[in-house]
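Asker: Sequence:
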Amino acid sequence: MKSWAWLVLLVGLMTLVWVALEVRARSLEGRWSEFVEKWESKGEAFGVEANLPPALPDLQEFAAHPWIHAIATGDRASLAQLAKMNPESVEGYEAWQSSAGEDGVLPTMPEDLAERVRIHGEEFQTDLAAFEEALGRPGYRVLVTKPSNSVANFLWVNKLAVVSKLLDALAHAAIARDDSAAFSRFTVMQLKAGEKLRGTNSLIGLVVGAGFESSAYTALGSIPASRKWPNTEMEKWIAALDFRKRPPADEFAAALRAERGLYLEMIATLEKSPAVRISVSRLLQIQRRYFAQSKLALCEELQEAILSHAGKLLTSIDPARWKRFGDDMAARKNEATAEEFGHAIFYITRGIFEALALQEIDRAVIRAKLEDELRIPPR
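If you use our numbering, the sequence shown corresponds to residues 2 to 380, in order.
No wet-lab data here; the hints were simulated from the structure.
For lysine-lysine, the following DSS-like pairs were computed, each having C-alpha atoms within a straight-line distance of at most 25 Å:
1) K85 / K193
2) K39 / K313
3) K237 / K193
4) K324 / K313
5) K193 / K370
6) K324 / K334
7) K237 / K166
Keep in mind it's a predicted model, so treat the numbers as computed, not measured.
Make a model of the complete structure from these sequences and hints.
Answerer: Set out below in structure tokens:
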């Protein structure tokens with residue numbers, strides 16, 4: 002009888018533990034469902050697709066352009082050609098590039114280096130023309146497969162950074178060669194690419210697009226005062242500075258929403274992976290609790306502190322609130338593993354918004370410089 006009593010007691014304890022774990026899992030799952038339902042009723046969208054620019058017919062989409070699409074889908078020949086664009090292979094280029102002053106201004110290229118860069122660029126004129134054509138399309142989508150189910154749909158954008166390097170080298174070579182028309186073409190392309198990529202509502206597009214713009218600002222700031230080019234060229238540059246209308250605070254809010262959708266997609270994929278579930282725990286209730294807790298950590302505070310105010314959705318980031326939010330996250334210690342996992346997005350994105358705000362100062366400085374040279378009254 003004693004053995005049976007102990008067995009009954011053990012089974013009872015196991016049942017209580019199971020019930021407690023089940024209650025905890027259901028509680029967190031219920032919180033997650035209620036959270037999503039509450040905010041979706043207010044117009045919030047937690048998926049990737051809903052937070053991207055509206056789809057246009059393929060003939061109007063930037064990423065559907067054959068040249069871009071080949072890169073996005075990993076065409077080997079296209080990627081090999083892209084890799085060859087890098088001007089760092091040109092003799093003397095890296096040494097010249099490292100000679101920038103403390104203000105970031107680069108010295109005028111030596112004539113022999115400028116000629117080598119020009120010759121290097123000749124090999125890619127067809128590619129640059131295709132890129133320029135793609136930039137002229139009105140669409141801003143980055144997705145190249147449907148439905149969106151992988152971050153690979155976004156990561157390809159980073160491959161375009163080498164195009165910016167080539168355009169930057171060619172722009173500086175044009176300064177050395179006193180070729181204002183070529184300089185304008187390459188610099189305007191940089192600014193158009195910045196506007197296009199920053200308009201994709203993707204974090205990687207925001208970062209890579211800002212890189213294109215930064216290169217253009219450096220090139221514009223590196224034109225020697227002695228170089229007197231036609232006012233019509235400067236007017237092109239000023240107009241190009243206005244390609245991007247949306248302020249960083251709006252861009253970052255949109256990118257955060259899309260990035261959140263990607264992260265939720267990743268969590269959903271991990272939930273279906275037997276290996277990942279087992280690494281969390283062999284108990285189903287603990288697995289369910291872990292993933293629900295991760296999703297809540299990812300979304301709850303971000304929604305309340307940054308993406309909404311007083312229950313109303315925001316389409317712009319408040320810099321002061323974002324700083325307080327980031328500082329609070331950075332100060333946290335000993336969080337539950339699931340919460341640490343959910344909060345990873347904050348550490349990935351930290352510093353980007355601040356860098357974009359600083360870059361706006363560079364944009365304003367360049368605009369003021371050009372307008373002063375043209376004697377245009379400041380805005």
